[in-house]
Amino acid sequence: VLAEEPTVQYYQLKHSSVCLHINNTPPYQNAEWTFAGKILTVGKDLDPVYERKMDFNPANLTLCIKNVTNADSGIYRSSIVSNFKKIAVVHQVIVEEMVPKPVITLTTEHRFNLSAASCRIRVNCSIQDHWLWSLCDENG
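First residue of the sequence shown? That's 901 in the working numbering, and the numbers climb one at a time after it.
Check before you lean on any hint, since a few could be wrong.
As the list claims (entries may be wrong) - As a list, the in silico DSS-like pairs of lysine-lysine whose alpha-carbon atoms are at most 27 Å apart:
id	residue 1	residue 2
1	938	986
2	914	966
3	914	938
4	938	966
5	1001	966
6	953	966
7	985	953
8	953	914
9	944	1001
10	985	938
11	914	1001
Unchecked claim - For each label pair, taking beta carbons as the anchor points, the in silico distance ranges come out as:
id	residue 1	residue 2	range
12	1034	948	27 to 37 Å
13	983	960	13 to 23 Å
14	983	1029	46 to 56 Å
15	953	1021	16 to 26 Å
16	1028	983	17 to 27 Å
What the hints contain is simulated information worked out from the structure, not anything from laboratory work. Ideal Cβ placement from N, Cα and C applies to all residues, glycine included.
Given the sequences, and given the hints that come with them, work out the whole structure.
Structural data, given as structure tokens:
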């Protein structure tokens, strides 16, 4: 019998760390973590290939990934065998770059008739290669 929990999503900044948890870990006979078709842990052991990149706590089955990069984005699956039932938990890790600080500029545009005290204001907001602007005048 296979019981699958809903997918848990993690949005992480590039070069940060993330810990994937299994809530309410039951007593288990066997457990396993996989990613991209590779077995990361079996039972209480982490594959030595990943010792510099990951930490594994066999007591609660938490898998921590250090210094995440785009290559760490994807689906991580944990499966537990408890009382002859297999429980699967799917974790989706999404690694993102830090969003740069937006640049906001205000420009006032006076019309030729200064005695009417009317003006227009242009607001421009840009971030990376994207921008948005709005024009406001006395009519709203």
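Status of each hint after checking the structure:
1. A distance of roughly 19 Å separates the Cα atoms of residue 938 and residue 986; the hinted pair therefore holds under the 27 Å criterion.
2. The straight-line distance between the Cα atoms of residue 914 and residue 966 is roughly 10 Å, inside the 27 Å bound, and the hint therefore holds.
3. The hinted pair formed by residue 914 and residue 938 meets the criterion: a straight-line CA distance of about 22 Å does not exceed 27 Å.
4. Distance restraint check for residue 938 and residue 966: the Cα-Cα separation of roughly 17 Å lies within the 27 Å cut-off, and the hinted pair is therefore satisfied.
5. With a C-alpha separation of about 25 Å, the suggested pairing of residue 1001 with residue 966 holds against the 27 Å cut-off.
6. Taking the CA atoms of residue 953 and residue 966, the gap is near 5 Å; set against the 27 Å cutoff, the hint holds.
7. For the hint linking residue 985 to residue 953, the alpha-carbon distance of about 30 Å lies beyond 27 Å, and the restraint is violated.
8. As the CA atoms of residue 953 and residue 914 are separated by approximately 14 Å, the hinted pair is consistent with the 27 Å bound.
9. A hinted pair counts as satisfied when its Cα atoms are at most 27 Å apart, and residue 944 with residue 1001 does not qualify at roughly 43 Å.
10. Taking the CA atoms of residue 985 and residue 938, the gap is about 22 Å. The hint holds against a cut of 27 Å.
11. Proposed proximity of residue 914 and residue 1001 is supported: the alpha carbons are some 16 Å apart, at most 27 Å.
12. Range check, residue 1034 to residue 948: about 57 Å between beta-carbon atoms, so the 27 to 37 Å window is missed.
13. At about 18 Å, the CB distance of residue 983 to residue 960 agrees with the hint of 13 to 23 Å.
14. Checking the proposed 46 to 56 Å range against residue 983 and residue 1029 shows it holds: the Cβ atoms sit about 54 Å from each other.
15. The hint said 16 to 26 Å for the Cβ distance between residue 953 and residue 1021, and at roughly 51 Å that hint is violated.
16. Look at residue 1028 against residue 983: about 51 Å separates their beta carbons, and that is not inside 17 to 27 Å.
Figure legend: structure checked against the earlier numbered hints; hints not met, in rising order: 7, 9, 12, 15, 16.
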